[in-house]
Amino acid sequence: MKARVILKAAIKSILKSRMRSLLTALGIIIGVAAVVVMVAIGDGAQLTVEEQIASLGSNLIIITPGTSSTGGVRGGMGTFNRFTLDDVEKIKNEATLIKGVSPLVRSGGQIIGGTGNWFTQIQGVSEDYLEIRSWGLQSGEFFTERDITAKAKVCVLGSEVVENLFPDEDPIGQQVRIRNVPFKVIGVLKSKGQTAVGESNDDIILAPSKTVLDRLSGGRFISSIQVSAASSDKNSAAQAELKSIMRESHRLEEGEDDDFTIKDQSDIAEAATETSRVLTYLLASVAGVSLIVGGIGIMNIMLVSVTERTREIGIRLSVGARASDILVQFLTEAVVLSLSGGIIGVLFSILVTYLINNYTDQVAYIKPQIVAIAFIFAGAIGIFFGFYPAKKAAALNPIDALRYE
Amino acid sequence: MNKEIIRTVELSKIYKVGEIEVPALKSVNLTINESEFVAIMGASGSGKSTLMNLLGCLDEPTDGEYFLDGVNTSKLIKNEYASIRNQKIGFVFQGFNLLSRTTALENVELPLMYDRSERIKDHHKRAIEALERVGLTDRMHHIPSQLSGGQQQRVAIARALVNNPSIILADEPTGNLDSVTSVEVFCLFQQLNAEGITIVMVTHERDFAMFAKRIIEMRDGKKVKDMMIKESMNAQHELERILNESIVYED
Chain F
1 MKARVILKAA IKSILKSRMR SLLTALGIII GVAAVVVMVA IGDGAQLTVE
51 EQIASLGSNL IIITPGTSST GGVRGGMGTF NRFTLDDVEK IKNEATLIKG
101 VSPLVRSGGQ IIGGTGNWFT QIQGVSEDYL EIRSWGLQSG EFFTERDITA
151 KAKVCVLGSE VVENLFPDED PIGQQVRIRN VPFKVIGVLK SKGQTAVGES
201 NDDIILAPSK TVLDRLSGGR FISSIQVSAA SSDKNSAAQA ELKSIMRESH
251 RLEEGEDDDF TIKDQSDIAE AATETSRVLT YLLASVAGVS LIVGGIGIMN
301 IMLVSVTERT REIGIRLSVG ARASDILVQF LTEAVVLSLS GGIIGVLFSI
351 LVTYLINNYT DQVAYIKPQI VAIAFIFAGA IGIFFGFYPA KKAAALNPID
401 ALRYE
Chain P
1 MNKEIIRTVE LSKIYKVGEI EVPALKSVNL TINESEFVAI MGASGSGKST
51 LMNLLGCLDE PTDGEYFLDG VNTSKLIKNE YASIRNQKIG FVFQGFNLLS
101 RTTALENVEL PLMYDRSERI KDHHKRAIEA LERVGLTDRM HHIPSQLSGG
151 QQQRVAIARA LVNNPSIILA DEPTGNLDSV TSVEVFCLFQ QLNAEGITIV
201 MVTHERDFAM FAKRIIEMRD GKKVKDMMIK ESMNAQHELE RILNESIVYE
251 D
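If you read the protein sequences in the order shown, they are chains F and P. So that you can map any letter, position 245 of the first sequence is 245 in my numbering, and since no number is skipped, the others follow by simple counting. So that you can map any letter, position 34 of the second sequence is 34 in my numbering, and since no number is skipped, the others follow by simple counting.
In case anyone wonders, no lab produced these hints; they're calculated from the structure. Quantities reported herein were computed from a predicted structural model and do not represent experimental measurements. Don't be surprised by glycine CBs; every beta carbon is placed ideally from N, CA and C. Each hint should be verified, as a subset may be incorrect.
[Said to hold, decoys possible] In silico SDA-like links for lysine to any residue, alpha-carbon gap of 20 Å or less:
(1) K8/F to E109/P
(2) K16/P to N397/F
(3) K153/F to E127/F
(4) K2/F to S83/P
(5) K2/F to A323/F
(6) K190/F to L60/F
(7) K2/F to N79/P
(8) K153/F to L216/F
(9) K26/P to K78/P
(10) K2/F to Q87/P
(11) K16/F to E109/P
(12) K2/F to I120/P
(13) K184/F to P167/F
(14) K392/F to L303/F
(15) K16/F to K78/P
(16) K92/F to R311/F
(17) K392/F to K78/P
(18) K12/F to I143/P
(19) K2/F to R116/P
(20) K12/F to P144/P
(21) K263/F to Q52/F
(22) K184/F to Q138/F
(23) K8/F to L99/P
(24) K192/F to V49/F
(25) K190/F to G140/F
(26) K222/P to E60/P
(27) K2/F to E109/P
(28) K392/F to Q87/P
(29) K225/P to R206/P
[Said to hold, decoys possible] From the derived model, a few chain F residues whose C-beta atoms are all more than 12 Å from chain P:
(30) A45
(31) G100
(32) G116
(33) F119
(34) K151
(35) Q174
(36) K184
(37) E254
(38) L282
(39) A323
Kindly produce the complete structure, drawing on both the sequences and the hints.
This is the structure we're talking about:
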């Protein structure tokens, strides 16, 4: 028998009992759609995480004070703080592979202004800071180099601070008092959401570094130095450069340990990507189970079908069909059924993804190879679960099959 | 002398029901030549249906040999058996055995689908010709449930004819039909036989057996009588007689 004839017969037989065929294929339709949609959601989440990490400033390099070592006794991280604005100045003047550098002076306290008061952290930074972190302004402006040199009492508020202090009015031009020092609000940051470690990036006030050092934190030491590399591929070169500048700045002898630590975001990025990848695997395996259940559904219906069509098989055998003809017929029916279920499932998943992307906050992204895998898997399930019923049908003796009532 | 189509040598069949062996057919020797029209008669359990199934290669004998059109079928493997069924035998069943939800034409085409010799090129044309021979051209796109019993049996006969078999085997072909329709079917058989087609049928009604040219009687798995009918009944005349009677009756 020619392949075309077999295929035609299989399709005809499937169409003869539409309702049963549809119900059989439904298992595969749902299974394939579930796999594709779940993986699409997982991939979408991964994409979002990657974008978010990129927006953290993928070129961000943070230099933090390292451990101190006094007489062989080593303290913990940051036990001995020797970072000053001189270090920042030296980096700014000597480093060639960087786009910007900013000190980070941490302070905190009760802010009074607008409708009430609020406790938050104040970061003293340079004019490069927004660019280093790839943050944006929602309104107003950022302070300039002149504001820093002049130790101007100006500040930029995070959106959460604005919500708490100025819920109904424009904060620009207003005055807030940070630990009783009056600051003029000149800008508001765009909402950023959480950091990778879960603290809010919006509950923050930025002010010129020198102002914060002088008026709020006191002393001359800064918490860390934030640098952005010229580009992401120059990241490690920039780190090496920074290392030598810092060693020089701190007058470390050869063989002496670094008293600082240089870190970039790649480990955070890796962890986050890994998390979403695990999520994708989890979702895909749950959906895969439903695909297998769909396959068992096909086997079930095909087995019932073999019993129900015993007479048909008998008739076919009596007019000269071989056992292999019957085997091929039933196997083809199972495969056609599961493949068409696969096609409908893929179309359905495209529809669902479209709805997800347009009507929810979630991002779903269908990779072409996932569609191919789901499709091949559906066909394989048709062969695997269709084989046993087909074998059973082919093994029938013509006279027994004909007598079957 | 006509060509020999069927020859059985000590053909036996024993069914096993659990531990018990039930002999259904005991050493039957039988020869049927080309263009014969044979009726096999017997009570139920006489072995006539078993003999029919063996002749139709639907079942395998326990013992003995069966030559069909010169081929020793006992030496064949399963797939060759299927080919024999496909090319040399046209089987007509009591229960018609048509594929439901499949048109008459497609039912008739079915044996051609399994014909590996591909001696017939145009399946469609061939199936229409077969339906013409049984006088059903106007109903060929109907499915069995839209056809009367007699029409269904004609479709089944067309299906038996379509592969140009050496022999047509009919197992109680009119068992499910009323008497007028039965006689119509025998008309068709006589007509086909007149065209030279060999027919072997099983029936348990002596009246119907008289339409054949030869009667073989079976009892307890053995052939007990084998006789030629000097003057067989003409089904066409019989049909006219019945129809006239019923008209009279209606008046």
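Hints, verified against the model:
For the proposed pair K8/F and E109/P, the alpha carbon gap of about 14 Å is at most 20 Å, so the pair holds. Simply put, K16/P and N397/F have alpha-carbon atoms about 15 Å apart, close enough for the 20 Å limit, and the pair holds. Distance hint between K153/F and E127/F is fulfilled; the C-alpha atoms sit about 14 Å from each other, no more than 20 Å. Using a Cα cut-off of 20 Å, the hinted pair K2/F and S83/P holds, with the two alpha carbons roughly 17 Å apart.
The hinted pair formed by K2/F and A323/F meets the criterion: a straight-line CA distance of about 16 Å does not exceed 20 Å. A hinted pair counts as satisfied when its Cα atoms are at most 20 Å apart, and K190/F with L60/F qualifies at roughly 19 Å. The straight-line distance between the Cα atoms of K2/F and N79/P is roughly 17 Å, inside the 20 Å bound, and the hint therefore holds. Between K153/F and L216/F the alpha-carbon distance is near 11 Å, which keeps this suggested pair within the 20 Å criterion.
Restraint check for K26/P and K78/P: the C-alpha separation of about 24 Å exceeds 20 Å, so the hint is violated. For the hint linking K2/F to Q87/P, the alpha-carbon distance of about 18 Å falls within 20 Å, and the restraint holds. Between K16/F and E109/P, the direct Cα distance comes to roughly 18 Å. Compliance with the 20 Å bound is thereby established for this hinted pair. At most 20 Å may separate the alpha-carbon atoms for a hinted pair to count; K2/F and I120/P meet this at roughly 14 Å.
Between K184/F and P167/F the CA atoms are separated by roughly 17 Å; this keeps the pair inside 20 Å, and the hint holds. Proximity of K392/F to L303/F is assessed by CA-CA distance (about 8 Å); at most 20 Å being required, the pair is judged to hold. Proposed proximity of K16/F and K78/P is contradicted: the alpha carbons are some 30 Å apart, above 20 Å. Distance check on the hinted pair: K92/F and R311/F sit about 89 Å apart at the alpha-carbon level, beyond 20 Å; violated.
With a C-alpha separation of about 16 Å, the suggested pairing of K392/F with K78/P holds against the 20 Å cut-off. Taken as a hint, the K12/F and I143/P pair is honoured in the structure, with Cα atoms around 14 Å apart against an allowance of 20 Å. Our distance criterion of 20 Å between C-alpha atoms is met by K2/F and R116/P, whose separation comes to about 10 Å. With a CA separation close to 16 Å, the supplied pair K12/F and P144/P stays within the 20 Å bound.
Distance hint between K263/F and Q52/F is fulfilled; the C-alpha atoms sit about 18 Å from each other, no more than 20 Å. As the CA atoms of K184/F and Q138/F are separated by approximately 17 Å, the hinted pair is consistent with the 20 Å bound. Under the criterion of a C-alpha separation no larger than 20 Å, the hint pairing K8/F with L99/P is consistent with the structure, at around 16 Å. With a C-alpha separation of about 13 Å, the suggested pair K192/F and V49/F falls inside the 20 Å cut-off, and the hint holds.
Among the hinted pairs, K190/F with G140/F is consistent with the structure: their alpha-carbon atoms are about 11 Å apart, no more than 20 Å. A distance of roughly 18 Å separates the Cα atoms of K222/P and E60/P; the hinted pair therefore holds under the 20 Å criterion. For the given pair, K2/F sits about 15 Å from E109/P by alpha-carbon distance, which is consistent with the 20 Å threshold. The hinted pair formed by K392/F and Q87/P fails the criterion: a straight-line CA distance of about 26 Å is larger than 20 Å.
A hinted pair counts as satisfied when its Cα atoms are at most 20 Å apart, and K225/P with R206/P qualifies at roughly 13 Å. Listed as outside the interface, A45/F is consistent with that label: its C-beta sits roughly 49 Å from the nearest C-beta of chain P, beyond the 12 Å cut-off. At the 12 Å boundary, the C-beta of G100/F stays outside the reach of chain P, the nearest C-beta of that chain being 77 Å off. Residue-level check passed: G116/F sits 79 Å from the nearest beta carbon of chain P, beyond 12 Å.
At roughly 79 Å, the least C-beta separation between F119/F and chain P is larger than 12 Å, which holds for a residue marked as non-interface. With a closest Cβ-Cβ approach of about 92 Å to chain P, K151/F is found to remain outside the 12 Å limit, as its non-interface label requires. Listed as a non-interface residue, Q174/F keeps its Cβ farther than 12 Å from every Cβ of chain P; the least gap is roughly 82 Å. Distance to chain P confirms K184/F as a non-interface residue, since its nearest Cβ pair spans about 86 Å, more than 12 Å.
Every Cβ of chain P is farther than 12 Å from the Cβ of E254/F; the closest lies at roughly 88 Å, confirming the non-interface assignment. The beta carbon of L282/F sits about 45 Å from the closest Cβ of chain P, which is more than 12 Å, so the claim that it is off the interface holds. With a cut of 12 Å on Cβ distances, A323/F falls inside the contact zone with chain P, its closest approach being about 7 Å.
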